[in-house]
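**Student:** In the order they appear, the protein sequences are chains A, B, C and D.
If you want my numbering, it's the 1-based position in the first sequence plus 43.
If you want my numbering, it's the 1-based position in the second sequence plus 43.
If you want my numbering, it's the 1-based position in the third sequence plus 43.
If you want my numbering, it's the 1-based position in the fourth sequence plus 43.
These are computed hints drawn from the structure, not numbers from a lab.
In this text the structure is predicted, and so the values were computed from the model without any measurement.
The reader is advised that the hints may include incorrect statements.
Where chains are identical, the list cannot tell them apart; a pair therefore holds if satisfied intra-copy or between any two copies.
Okay, derived cross-link-like pairs now, BS3-like style, lysine-lysine, Cα gap no bigger than 30 angstroms in a straight line [what the hints assert, rightly or not]:
(1) 103 <-> 189
(2) 176 <-> 347
(3) 347 <-> 214
(4) 219 <-> 277
(5) 323 <-> 207
(6) 214 <-> 275
4 protein chains.
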Amino acid sequence: MFENTNAKQAMKNPELIRFENDYTRGAHPEILQRIVETNEVQTPGYGTDEHCAAAADLIKRACDNSDIDVHFLVGGTQTNLTVITSILRPHEAVIAPTTGHIATSETGAIEATGHKVITIPTDIGKITAEQIKAVVTMPENVHAPKPGMIFLSQSTEFGGVYTKAELLEIKAVANKFDLPLFIDGARLGYAFASEDCDTTLADLAEICDVFYIGGTKVGALFGEAVVIVNEKLKRDFRYIMKQRGGLLAKGRLLGVQFEAFFKDGLYNRVAEHAVAMAMKIKAALDAKEITLVYPATTNQLFIKFNAKQYEALVERYVFAPWRVEGDNIIVRLCTDWSTPVEHVEQLIADIEAL
Amino acid sequence: MFENTNAKQAMKNPELIRFENDYTRGAHPEILQRIVETNEVQTPGYGTDEHCAAAADLIKRACDNSDIDVHFLVGGTQTNLTVITSILRPHEAVIAPTTGHIATSETGAIEATGHKVITIPTDIGKITAEQIKAVVTMPENVHAPKPGMIFLSQSTEFGGVYTKAELLEIKAVANKFDLPLFIDGARLGYAFASEDCDTTLADLAEICDVFYIGGTKVGALFGEAVVIVNEKLKRDFRYIMKQRGGLLAKGRLLGVQFEAFFKDGLYNRVAEHAVAMAMKIKAALDAKEITLVYPATTNQLFIKFNAKQYEALVERYVFAPWRVEGDNIIVRLCTDWSTPVEHVEQLIADIEAL
Amino acid sequence: MFENTNAKQAMKNPELIRFENDYTRGAHPEILQRIVETNEVQTPGYGTDEHCAAAADLIKRACDNSDIDVHFLVGGTQTNLTVITSILRPHEAVIAPTTGHIATSETGAIEATGHKVITIPTDIGKITAEQIKAVVTMPENVHAPKPGMIFLSQSTEFGGVYTKAELLEIKAVANKFDLPLFIDGARLGYAFASEDCDTTLADLAEICDVFYIGGTKVGALFGEAVVIVNEKLKRDFRYIMKQRGGLLAKGRLLGVQFEAFFKDGLYNRVAEHAVAMAMKIKAALDAKEITLVYPATTNQLFIKFNAKQYEALVERYVFAPWRVEGDNIIVRLCTDWSTPVEHVEQLIADIEAL
Amino acid sequence: MFENTNAKQAMKNPELIRFENDYTRGAHPEILQRIVETNEVQTPGYGTDEHCAAAADLIKRACDNSDIDVHFLVGGTQTNLTVITSILRPHEAVIAPTTGHIATSETGAIEATGHKVITIPTDIGKITAEQIKAVVTMPENVHAPKPGMIFLSQSTEFGGVYTKAELLEIKAVANKFDLPLFIDGARLGYAFASEDCDTTLADLAEICDVFYIGGTKVGALFGEAVVIVNEKLKRDFRYIMKQRGGLLAKGRLLGVQFEAFFKDGLYNRVAEHAVAMAMKIKAALDAKEITLVYPATTNQLFIKFNAKQYEALVERYVFAPWRVEGDNIIVRLCTDWSTPVEHVEQLIADIEAL
């Protein structure tokens with residue numbers, strides 16, 4: 044939510060263990076190894092290489108849909124702004140949760156493409172079909188931007204996970220009002236690994252018009268895979284990628300990473316490890332009756348510490364401070380592909396000792 | 044200039060040797076090694092880490108100027124659009140050569156930020172102080188965009204290299220008319236390695252208001268280092284990087300690479316190898332009296348082959364077709380950090396055999 | 044707020060008396076007469092004529108400030124988007140009340156220039172220095188747009204009027220955080236005519252960085268006069284007017300109207316008539332204990348009718364339906380320069396008969 | 044082309060007769076009279092009134108097409124930017140002549156909406172089907188903006204007039220490549236009055252996807268009527284008008300004027316008078332063997348005077364200086380609805396006396 048002050052203090056003490064986000068280390072070793080192995084191969088540029096083609100094929104298979112288009116971009120903000128600007132006409136707005144990444148954490152990237160973000164209130168980042176319907180059934184009014192698409196995150200910025208039933212309800216509204224549905228999957232792997240989740244890639248490829256499979260936060264060096272399902276939204280997407288600075292010259296780097304993710308299940312394994320680590324920590328917090336303020340079934344825990352607890356732990360760990368509530372401080376703790384079991388065990392011991 | 048059709052054919056025959064551009068392979072081994080070595084270190088995100096700080100310090104030293112700001116972005120189009128939008132007011136335009144990357148090769152990325160590109164005619168990508176002065180001394184006219192900055196490339200998209208005297212003349216005009224001067228250094232290393240070049244990084248840090256040191260085309264996996272010299276242009280640059288999707292989550296990847304480039308001269312060594320390889324090929328072409336249509340003192344050769352010569356060579360090599368002139372075809376050939384001596388020797392032998 | 048359905052029904056019955064807004068008729072007769080009188084005079088275009096110069100001089104005198112720049116635009120949305128885009132850098136946002144015209148009624152015109160509108164909650168359209176301070180003192184965060192200016196309306200979209208003390212408090216915050224203060228004066232005349240108002244044009248020319256004096260809603264055929272006080276915001280404003288389609292070819296039409304407004308007090312006389320008419324109606328509503336839901340000291344009354352009252356009145360009058368509350372309907376009633384005393388008397392009689 | 048310096052000098056001497064452009068006076072008396080007559084009528088706002096409806100009906104009849112949509116905007120730049128941004132996707136560019144109003148005279152208004160203007164060289168403002176085809180058949184290239192529509196002016200900025208045959212050829216290319224054709228008719232009336240013109244409104248309503256009928260330069264106070272023929276381009280146009288500041292509150296002013304234009308042929312009468320006046324002047328220039336540098340069959344004459352001739356005439360007249368050629372100066376002379384016969388006769392006498 045804001046730049047981590049804890050992090051600055053941590054720069055001076057590299058012994059601290061960082062749980063502040065899910066991108067503190069480089070890439071999963073299998074991914075990095077593939078980048079090293081393919082380093083000397085010559086390929087054409089801008090994602091027209093064999094690795095990108097192979098990765099796209101693997102993703103099509105994982106989505107059980109050979110009619111989708113797959114494109115690879117470097118980061119999440121870049122992906123969101125490219126997808127959204129490719130879909131909307133100038134007077135159209137994107138509907139999003141108040142907590143949506145595009146509403147809170149992208150420095151007005153969507154507005155910079157000319158479009159308003161119409162926000163729907165939510166605590167945990169999930170919005171409902173009913174709420175969306177209320178927005179889109181307001182009287183026709185040329186003095187207000189027209190809703191043109193829907194943006195959701197799976198899992199959400201606060202760890203919420205949509206069920207398939209919820210997504211189908213949203214899809215019904217989206218279809219009725221001709222609004223493309225776009226899901227930001229920056230943490231999609233962690234959603235799949237959550238016990239709250241009953242959706243698969245194939246489900247998303249049926250429900251969404253566009254979605255992306257996040258790599259950066261799930262163990263890639265960098266990279267997000269955009270899946271365009273809706274035929275009408277496919278045209279000229281690469282032009283807009285290039286125009287927004289998102290067509291990587293050595294595009295094969297993205298292809299190589301997503302090949303590694305989807306060749307034999309690495310994407311899911313990475314996410315499952317992270318969620319398993321988070322669930323261990325959750326159990327320790329529950330045992331100490333320390334409150335988790337949002338759903339805690341993915342790799343993100345939002346923990347309410349009292350001042351004494353917080354002071355004790357930040358001697359050894361870095362969390363992302365979220366907000367202050369009276370004498371308490373709420374922090375975000377993330378696990379990821381790289382979280383060592385021993386760090387988790389040490390943290391649990393320290394929690395038990397609070 | 045256009046998407047390489049030769050490249051498509053090459054996908055089916057991976058035995059072909061690619062000289063079509065300077066980004067056909069991954070990264071220089073020393074750079075890749077540093078990425079591997081630092082993979083497990085935890086750092087804060089978004090370029091606030093120690094590697095970015097260290098790389099910035101090394102670049103400040105190389106520029107002999109501790110007052111500059113250094114920022115790292117992923118690619119060239121992203122860098123150009125971010126820098127330019129950070130400088131101009133809405134009604135201001137950027138002056139550029141007709142051949143400038145922003146004018147020809149970025150899908151209208153600058154216009155997409157709202158600004159016109161005012162082009163000045165040139166063959167080899169170089170424009171003069173005199174030409175710029177002619178543009179900016181036109182009568183005040185609120186019905187036309189106002190020139191707001193100058194964009195050059197060093198070396199240019201066609202291998203031209205500005206001398207220090209030429210840049211100083213341009214700078215004098217820029218100063219007189221209060222126009223920030225921005226140099227696109229996507230191939231800056233190759234300019235430095237050219238016998239035509241008498242400028243250094245320290246010179247650029249005196250002459251430019253902003254410039255960037257290109258990594259992607261000079262042996263990085265990806266990455267460009269923006270150097271902001273003019274105090275007035277420094278404010279809030281990171282906000283605009285983030286807004287345009289250019290603030291890499293694992294920003295340390297950029298820091299690590301530029302540390303490797305500037306710790307002990309790797310950036311120059313890489314470029315010198317590439318230019319040396321190009322000069323060997325040039326000598327062979329000269330010996331056969333095959334025409335080079337543009338200056339040929341950097342890593343790019345623009346070669347005019349007749350149809351027979353072209354057909355013979357594309358059995359074994361991939362070039363970038365540039366344009367057709369009667370029965371001749373003009374192609375671009377690039378060398379880079381990764382061009383093996385044996386490939387060059389084989390190509391020379393094949394040229395001699397034409 | 045939304046397109047008036049009542050109005051559509053009214054098209055079929057031109058006998059209805061319209062109170063739905065303050066722009067149902069053409070121009071005040073004195074203004075129209077001046078347009079007729081000057082019709083055959085030849086002038087240069089685009090606002091460089093003598094009438095625009097004379098009108099600007101009159102406004103400078105009325106503002107008691109000869110250092111201001113005065114520009115004339117056709118309408119309010121055009122004015123707001125031109126002023127705001129002329130001030131902000133790309134990553135900057137404008138702070139506005141949730142009810143502000145730019146937030147609710149301009150089809151995302153500000154976002155279409157690339158900027159987010161950061162809204163502060165309010166009922167009657169007024170926000171406080173304290174609220175603004177809370178927004179601008181949030182921790183520095185490159186992941187969110189940076190507040191870059193403040194937008195207020197005087198009087199507000201719901202009839203609220205800022206006192207001089209309130210504006211001075213806001214100005215103190217604006218100065219402290221280097222945020223230009225822009226006041227939308229679409230209904231500025233009506234504010235001046237309100238008993239709640241203790242500010243003058245000269246006050247605004249001290250307190251604001253930019254403001255505009257609304258003509259369209261105060262009896263002009265069309266037109267708004269932008270006053271730029273802050274020296275730094277004056278540069279090149281006409282370029283941006285032209286770029287956004289706001290530089291009227293026959294600009295003299297705007298000059299002629301504002302000359303008429305400010306030569307001998309017409310602007311104030313027009314507004315005073317409108318407010319006097321509104322106050323008469325207010326007295327009748329008060330006598331019937333019919334609720335006015337917002338402040339009612341300008342030309343706008345927001346009236347809560349029950350269904351029966353509403354049905355009775357809309358047989359003869361057009362109001363702007365605002366929202367439904369249970370069995371009640373809240374409507375907006377506007378008076379203006381053209382509201383005949385006899386219409387007001389008839390309405391009062393009909394209110395008394397309810 | 045540039046702000047008229049001659050005009051500044053003319054401000055000091057109001058006795059000078061202005062021929063610098065076609066918007067030096069107010070409105071044609073019949074139009075102004077209708078504005079006066081309708082001043083007290085109450086109507087709903089934003090172009091939803093009966094006058095706009097009636098004017099639209101008259102234009103449909105004049106176009107012999109009841110399926111078109113008609114919208115009214117205030118000025119030409121506003122109209123061009125609104126139409127173009129309503130049509131293009133972000134990566135698409137508009138093809139225009141180098142001399143097109145959007146390319147030379149709108150302060151980058153189109154670029155400010157995010158789109159590049161691809162220019163085709165021309166002297167008199169006319170481009171050919173062949174030239175357009177050459178642009179749109181360049182190889183597919185995601186690194187360049189994609190042509191998305193065609194912009195022409197009838198008559199052109201230099202008095203050129205397209206024949207129906209030329210337009211049909213362009214239309215064939217436009218259709219083949221799925222490029223909407225948009226004609227800027229700022230001076231459409233004058234084209235119709237030209238002996239070079241064999242097209243009618245009904246022709247344009249068959250050939251164009253969108254065009255506009257210019258009012259401002261043909262005797263309105265202000266106003267342009269957009270005609271949308273292509274069904275696909277009609278959707279939500281009013282939203283974009285509002286967003287760009289082009290939805291006039293008292294929209295009826297536009298309706299009233301175009302009603303007057305099209306009720307009984309006023310639009311054509313106005314233009315015929317202007318062209319007749321221009322042809323008289325042309326005859327006098329021809330008799331003196333003074334060169335007309337561009338086609339001279341509409342209301343614009345581009346005249347090459349020598350220095351002595353020029354100095355003699357500008358004692359009494361204002362022209363728009365266009366450019367200097369050695370000792371000669373080329374100026375633009377415009378006639379319009381308001382050009383008195385006696386002024387023309389005086390000018391002719393003065394030409395004869397040169």
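**Student:** Each hint: holds or not?
**Tutor:** Hint check results:
Taking CA atoms no more than 30 angstroms apart as the test, residue 103 paired with residue 189 passes between copies only; the shortest distance there is 28 angstroms, against 33 angstroms inside one copy. In this assembly of identical chains, residue 176 and residue 347 lie within 30 angstroms of each other by CA distance solely across copies; the values are 27 angstroms between and 34 angstroms within a copy. In this assembly of identical chains, residue 347 and residue 214 lie within 30 angstroms of each other by CA distance neither inside one copy nor across copies; the values are 35 angstroms within and 38 angstroms between. Taking identical chains as interchangeable, the C-alpha atoms of residue 219 and residue 277 lie at most 30 angstroms apart whether they share a chain (21 angstroms) or sit on different chains (21 angstroms).
In this homomeric assembly, residue 323 and residue 207 come within 30 angstroms of each other (Cα to Cα) only inside a single copy, at 26 angstroms, whereas the closest approach across copies is 59 angstroms. For a Cα distance limit of 30 angstroms, the shortest separation of residue 214 from residue 275 qualifies both inside one copy, at 17 angstroms, and across copies, at 25 angstroms.
The structure does not agree with numbered hint 3 stated previously, though it agrees with all others.
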